[in-house]
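Please work from the sequences and hints to get the whole structure.
Protein chains: 4
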Amino acid sequence: MDRSAGFVSVGVGYEVRGGRARCVRKAVETIDVAILGASGYTGAELLRMLAVHPKAKIAAMTADRSAGKPIGEVFPQYGFGSQFAQSLPDLVKVAEVEDWSKYDLIFCCLPHATTQEIISGIPLETTKVVDLSADFRLSNIDTYTAWYGEHKAPYLQKEAVYGLVEHKRDEVRDARLVANPGCYPTAAQLALIPLLKNKSISSTDIIIDAKSGATGAGRSAKVGTLFCEVSDGMHAYGIAQHRHAPEIEQGLSEVTGEDVLVNFTPHLIPMNRGILETIFVKTSESPGALRQQLIEAYEDEPFVHVLPEGVSPHTRHVRGSNHCVMNVFPDRLPGRAIIVSVIDNVVKGASGQAIQNMNVMMGFDETMGLEGQPFFP
Amino acid sequence: MDRSAGFVSVGVGYEVRGGRARCVRKAVETIDVAILGASGYTGAELLRMLAVHPKAKIAAMTADRSAGKPIGEVFPQYGFGSQFAQSLPDLVKVAEVEDWSKYDLIFCCLPHATTQEIISGIPLETTKVVDLSADFRLSNIDTYTAWYGEHKAPYLQKEAVYGLVEHKRDEVRDARLVANPGCYPTAAQLALIPLLKNKSISSTDIIIDAKSGATGAGRSAKVGTLFCEVSDGMHAYGIAQHRHAPEIEQGLSEVTGEDVLVNFTPHLIPMNRGILETIFVKTSESPGALRQQLIEAYEDEPFVHVLPEGVSPHTRHVRGSNHCVMNVFPDRLPGRAIIVSVIDNVVKGASGQAIQNMNVMMGFDETMGLEGQPFFP
Amino acid sequence: MDRSAGFVSVGVGYEVRGGRARCVRKAVETIDVAILGASGYTGAELLRMLAVHPKAKIAAMTADRSAGKPIGEVFPQYGFGSQFAQSLPDLVKVAEVEDWSKYDLIFCCLPHATTQEIISGIPLETTKVVDLSADFRLSNIDTYTAWYGEHKAPYLQKEAVYGLVEHKRDEVRDARLVANPGCYPTAAQLALIPLLKNKSISSTDIIIDAKSGATGAGRSAKVGTLFCEVSDGMHAYGIAQHRHAPEIEQGLSEVTGEDVLVNFTPHLIPMNRGILETIFVKTSESPGALRQQLIEAYEDEPFVHVLPEGVSPHTRHVRGSNHCVMNVFPDRLPGRAIIVSVIDNVVKGASGQAIQNMNVMMGFDETMGLEGQPFFP
Amino acid sequence: MDRSAGFVSVGVGYEVRGGRARCVRKAVETIDVAILGASGYTGAELLRMLAVHPKAKIAAMTADRSAGKPIGEVFPQYGFGSQFAQSLPDLVKVAEVEDWSKYDLIFCCLPHATTQEIISGIPLETTKVVDLSADFRLSNIDTYTAWYGEHKAPYLQKEAVYGLVEHKRDEVRDARLVANPGCYPTAAQLALIPLLKNKSISSTDIIIDAKSGATGAGRSAKVGTLFCEVSDGMHAYGIAQHRHAPEIEQGLSEVTGEDVLVNFTPHLIPMNRGILETIFVKTSESPGALRQQLIEAYEDEPFVHVLPEGVSPHTRHVRGSNHCVMNVFPDRLPGRAIIVSVIDNVVKGASGQAIQNMNVMMGFDETMGLEGQPFFP
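Chains as they are written, first to last, in UniProt numbering: chain A, 1 to 377; chain B, 1 to 377; chain C, 1 to 377; chain D, 1 to 377.
Hints listed in this document are in silico derivations from the structure and should not be mistaken for laboratory results. Errors might be hidden in some of the hints.
[What the hints assert, rightly or not] In silico lysine to any residue, SDA-like type, Cα no more than 25 Å apart, as pairs:
#1 D:Lys102 - D:Gly121
#2 C:Lys282 - D:Asp259
#3 A:Lys282 - B:Lys199
#4 B:Lys168 - B:Leu261
#5 A:Lys222 - C:Lys222
#6 B:Lys93 - D:Lys222
#7 B:Lys282 - A:Gly238
#8 D:Lys282 - C:Ala240
#9 D:Lys158 - D:Ser101
#10 C:Lys69 - C:Pro89
#11 C:Lys282 - D:Lys102
#12 D:Lys282 - C:Ser284
#13 A:Lys152 - A:Leu124
#14 C:Lys158 - C:Asn140
#15 D:Lys158 - D:Gln250
#16 A:Lys282 - B:Arg332
#17 B:Lys222 - D:Lys158
#18 B:Lys197 - B:Ala289
#19 B:Lys222 - D:Val94
#20 D:Lys152 - D:Glu166
Quick look at the structure:
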């Protein structure tokens, strides 16, 4: 780590009481982080959130097509308004990053499959990695290959920890490489894992009807995600063939100890941010009992919340924040219940969860830099 | 009927071949129709569609709050551009309509529960009625009372025919009072009735995840449907408690001969028009077999279509048109299939279907005035 | 013309009285039209509108990237619902069109600059052309070159008639090649030409603040027009450098007889369709007088309308229709007035106006196939 | 002030360098603030922003219709996620607030005209007020009466300071009652005041074409602001009759020393947040010179920024932040220039500017709690 680049700031940091910043007494150091693929939506969101993170300093950013440009040319919105902008380095090509060891932690926001070779070049003993791509999410190489194609760094798979903090906190704390969970799998697993752990719902009849805003489709130019193709319309896509299905199944199978299959049906909705999953489950227990189990599972979690009985989770409740909000409802069909789980796909489904992982990996307060309230309207 | 108001136009009318207007040889007469509640979304859509209907002349329109105004003041968009506007009568109060018998057919777009008394005052021997409210959809009075409150004209219930033309054509042909189906129930029943008829799917495990644009919430001023509350967000509502559940169940029970319960979970989506229903069913047959059954069930229907294998129905495919488009997909869960059904809730889910009912009731070509292509983008 | 492809339909056609289709007594023939570049937004809109045109039969459609495909694969919404779909030929490459003389009229929806060579290969003595690109809009070759680059068929420029029907009806009637006006210039010139003709406003101080929906940006994949980049935001673009400025100036200069310069400032608005232009003018007359002049200028026009005094034109008033709606308002600044003019950029600003031009060129009723009411909401 | 409610937190606060929170060395105290009218959009935004303000504690909130409810019932999004929610008092009726002196500062988010009597009951010697309504913006009582009706507390008008901090910093520092500027006037005056001060533009020919998102229309239920009425359409409103015109004119007249009239033409745009004003001015100087003057006027301002030459300001550049971004462009018309100014109407146009005013009034760092980066997408 380049000490000169860092700086000691006594008493820096937030304390969540009252949700308002207060001094943390102990002396701490900031760390230097790099963002690979800073010009996409998850990269942009990392910028927005790290700007108010008291301990993470953005020391490098890459974006091959925008290499050489100052941030103000790529994202005018981050190019003014505080010395934050001036503190940001110009964008460079990934290939131009010479010494990875200068950085304490790398956020990798590169496309699936392009990530493996780059990460295999990073010395994990000096530099931790949070990978926002899918490249290290599937621990079974065959499953990865079946859904994404050949894996170029299988040996790293053992190293990778699946960063669903609420259920992997200890592993994440000791991890050097964290695979940041997918957006859909985050909302689904947070709702289902506690109930499967308690054997309260059937593992053979889980139906996940998922709806996502268009940021989930990424920032590359495609006719299908043009404003005029998305607005005022909706459709299902990748029906029973979406790559997030095996990721969800892996997480649930880990809990049940046997192979779980799920119905996962995603839809593109004409909005920017937000995922809402309506999950239909078989259960011998009452919806109230399931709800109670989720309350207990997450009562100490800062980012997962069960709404009051009967209140329907809106994506607006979490927009721009790192929270996941859920609730359980009765079904007209006997022996069934309905779970609704919402997150902001760009935050808890990507960049916010990545920062949450960083906080745990670096021993920071888990909520540091993530206290922002939801954005409304 | 006020003959002077009508006029004979030899060879008027459309013929659908090629989707282009051609003369129908026989001499025909136009009819005089009235629209009660013309200032809401379904009333406005009736205006738009009847403007190009060759045989229906709008002879009266009511809108209590806008009574006395010309159409141009209520809907500037219909107040210019052709003598159509000038042909339209000024709006009046419902109470001011003196002689119902002057009209051949009444479209009733009034709110639920307000409709019964008005319709009970209409002489059905001279004047047919298509009611777009829910007041006559539920044939079982107790069910109606349980979901909507006391019914003020139960004797009319026997008279009322449920106007899902594709499955009630003969009854509609002879009907004097047609209950126009609800928007959600239309998309659901069209997808499910043929499969239940064939006993190809289980009737005890039907899950309907429905998504609708905001026109479905109507045109009355509510904070919950303000632009800033709806845009860039989504949520489920009326979970397991929506009034369209019993309507769907009635239609399906009629087919199976026993009481069917369904899971029906509607969501509000930030768009104007369109309903998409993702229906999860249990089946011992292949998705391909179910798809084939739907193709056969609707091969002669002008308004219901099964897309090519694997093509996902978009609400855009039907936006502004009277079509229902559907398809069947395999499920990762064995013994299950996924059906997707889309309509424009304002057209096939309301005003377009009402005109389709009128056409059948009056012996017009069923597609008359409904040939318009979908609106894109 | 391929007679076998055509067919005689006695009494076909619309008559606008009452805005409802009625038979036109004289025997007429349908014509065969081709659409070049059918897969973009203007091509799609031509399809939607020609589907209900009683005299124009779509005999060929080109779309290079979709060549060989049936319409249903490119636009599922046009691939079902009537024999219209079955009447449509598969898409072909432009280069594959062998005999242009088989078509009575060609709609050219190709990108600027690609059009000239193709059109120069069309025998205008047998086949008329309506070009929706900008290639033949600017009569002055130097101006064209300055804004669009080298012109490849300057000799055709003399032939081309600028198809703003309301002000060029006679020329269009005799034209073989019509340059369909740009979207912004249509709304601007319709508002300004009558007032400049009357010398009622200053020609040296015209400020046009224009706002357009995203369809105006076309259907090619660009990051800047992705849903997430356009929705919930707005910005001005091409400030004082937009190619529609010289087109507007040409039209106004023709009226005044001297070179007119205008301020033209377009903005991208998060919506699909619609252009609204707020035009600030200097005048020695009262706003009421200007308004009266516009009323008189357009009182016999089927597609241009002045709203009642004080009523603000909404793009919703014309959405999906071929109308232009305008009004004049007083300005707090003495000696000034404000004109607001709205159109649907895809209809009156492109495909609808192209059909209006076809109707005039072919001697059809000018409103034929264009009677559709605006789409709301 | 209720000391027990406050608490001393040594070293609390932000320092903007690097846009990251660092300790401010001096010991400081938090203050107790009350929000009157907390259930509207500006009230909600104050909640969101004060949640991360290190020195302002929300001690009371009023919302008459929601009185008695915890925040979680009114705004579920603020009802979880941190002890912030638990730190919030339940909502009460304004009339139920007994002792105003318990609060150091009141944010008044009540409707125009309802505010005067309430504020006249607040003891300004103990309790400062930032009023977000228009009630104290117009210093000339006659002007106020002409546009808003009778003024019920004219004597307070002398007391009120117009809180456009960038141009009133000293007055605001000493103020007890600040009238928070309107959203449109903020964007307009920030762009025009420096140029009028320098006599660089004509004061008799200022044309402001303003476009706003729907939050500007407030949160009360009106048909005109329903999702289906606003989305996919736009229109001008209050043309030459909008109440923000006299407010802008007051600010500009103060600078020029003579009565300035402006053209102010607002438009409703289908988006949530953001105002963009395209301002057309007469000038004898070059656009570059005007641009340079704005750069110099705001070079030390934390919230006002001139973009690089030729870069068009987007509302996205400021969405969710307290920044105003502007630029100057050449006009095709000689002797003219175009200025574009954007803000987030809910932040710099309302709640953010109110906090900026509070910071100055209380002697806090002006940017405290306002460091958040813009929200994208």
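- prompt: Which numbered hints are broken by the structure, listed smallest first?
  reply: Structure breaks hints 11, 17 and 20.
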